[in-house]
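Visitor: Whenever a hint applies, use it, and build me the whole structure from the sequences.
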Amino acid sequence: MSFAKTAFYAKNVPNWERVLRIVLSATAVAFAFTRLASPWSWVAAFSAIGFAMTGFVGFCPACALVGRRLPGN
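Each step along the sequence shown adds one to the number in this note's numbering, with nothing skipped, and position 54 is 39.
Keep in mind that the hints were calculated from the coordinates and are not lab data.
There may be inaccurate statements among the hints.
[Claimed, not checked] Each computed SDA-like pair below joins lysine to any residue, with the alpha-carbon atoms no more than 25 Å apart:
1. Lys(-4) x Leu50
2. Lys(-4) x Thr12
3. Lys(-4) x Arg6
4. Lys(-4) x Ile7
5. Lys(-4) x Ala13
6. Lys(-4) x Val8
7. Lys(-4) x Leu21
8. Lys(-4) x Ser32
9. Lys(-4) x Gly52
10. Lys(-4) x Val42
[Stated by the list, open to error] Label-pair distances were calculated between CB atoms; the ranges are:
11. Pro56 x Ser23: 41 to 47 Å
12. Glu2 x Pro24: 28 to 34 Å
13. Phe(-7) x Gly35: 15 to 21 Å
14. Val51 x Ile7: 19 to 25 Å
15. Gly57 x Arg20: 37 to 43 Å
16. Thr12 x Pro46: 20 to 26 Å
17. Pro46 x Trp1: 18 to 24 Å
18. Val51 x Val8: 21 to 27 Å
19. Leu5 x Gly57: 16 to 22 Å
20. Tyr(-6) x Trp25: 27 to 33 Å
21. Phe16 x Gly57: 34 to 40 Å
22. Ala22 x Leu55: 39 to 45 Å
Virtual Cβ for every residue (Gly too), placed ideally from N, Cα, C.
Guide: Rendered as structure tokens:
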């Protein structure tokens, strides 16, 4: 039995989207700390970090709520 089958959640984000989420999040964090000079930059940075975590883990709770699944799961 593979780890993917025994995990507590089923991955619902494809690999290409995981990479895209991580890259966009890193860009958003960099932009928030270099271009924005307000408390909202912290909000933007923490939101981007949360978005990146869905890329690292491969599971998106919002996608799970709407029933999104990868083919074969």
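Visitor: For each hint, tell me whether it holds in the structure or not.
Guide: These are the hints, each one checked on the structure:
1. Lys(-4) x Leu50: Answer holds: Lys(-4) to Leu50 is near 13 Å, not above 25 Å.
2. Lys(-4) x Thr12: Judged against 25 Å, a Cα distance of about 24 Å means the pair holds.
3. Lys(-4) x Arg6: Distance ~14 Å between Lys(-4) and Arg6 Cα, so the pair holds.
4. Lys(-4) x Ile7: holds, 16 Å
5. Lys(-4) x Ala13: holds, 24 Å
6. Lys(-4) x Val8: holds, 19 Å
7. Lys(-4) x Leu21: violated, 34 Å
8. Lys(-4) x Ser32: holds, 21 Å
9. Lys(-4) x Gly52: With Cα atoms ~12 Å apart, Lys(-4) and Gly52 stay inside 25 Å; holds.
10. Lys(-4) x Val42: holds, 8 Å
11. Pro56 x Ser23: 41 to 47 Å: holds, 43 Å
12. Glu2 x Pro24: 28 to 34 Å: Distance hint for Glu2, Pro24 holds at roughly 30 Å.
13. Phe(-7) x Gly35: 15 to 21 Å: At 19 Å between Cβs, range holds.
14. Val51 x Ile7: 19 to 25 Å: Since the Cβ atoms of Val51 and Ile7 sit about 22 Å apart, the hinted range of 19 to 25 Å holds.
15. Gly57 x Arg20: 37 to 43 Å: holds, 41 Å
16. Thr12 x Pro46: 20 to 26 Å: For Pro46 against Thr12, whose Cβ atoms are near 22 Å apart, the range 20 to 26 Å holds.
17. Pro46 x Trp1: 18 to 24 Å: For Trp1 against Pro46, whose Cβ atoms are near 20 Å apart, the range 18 to 24 Å holds.
18. Val51 x Val8: 21 to 27 Å: holds, 24 Å
19. Leu5 x Gly57: 16 to 22 Å: holds, 21 Å
20. Tyr(-6) x Trp25: 27 to 33 Å: Holds: the Cβ-Cβ distance is about 31 Å, inside 27 to 33 Å.
21. Phe16 x Gly57: 34 to 40 Å: For Gly57 against Phe16, whose Cβ atoms are near 36 Å apart, the range 34 to 40 Å holds.
22. Ala22 x Leu55: 39 to 45 Å: At 40 Å between Cβs, range holds.
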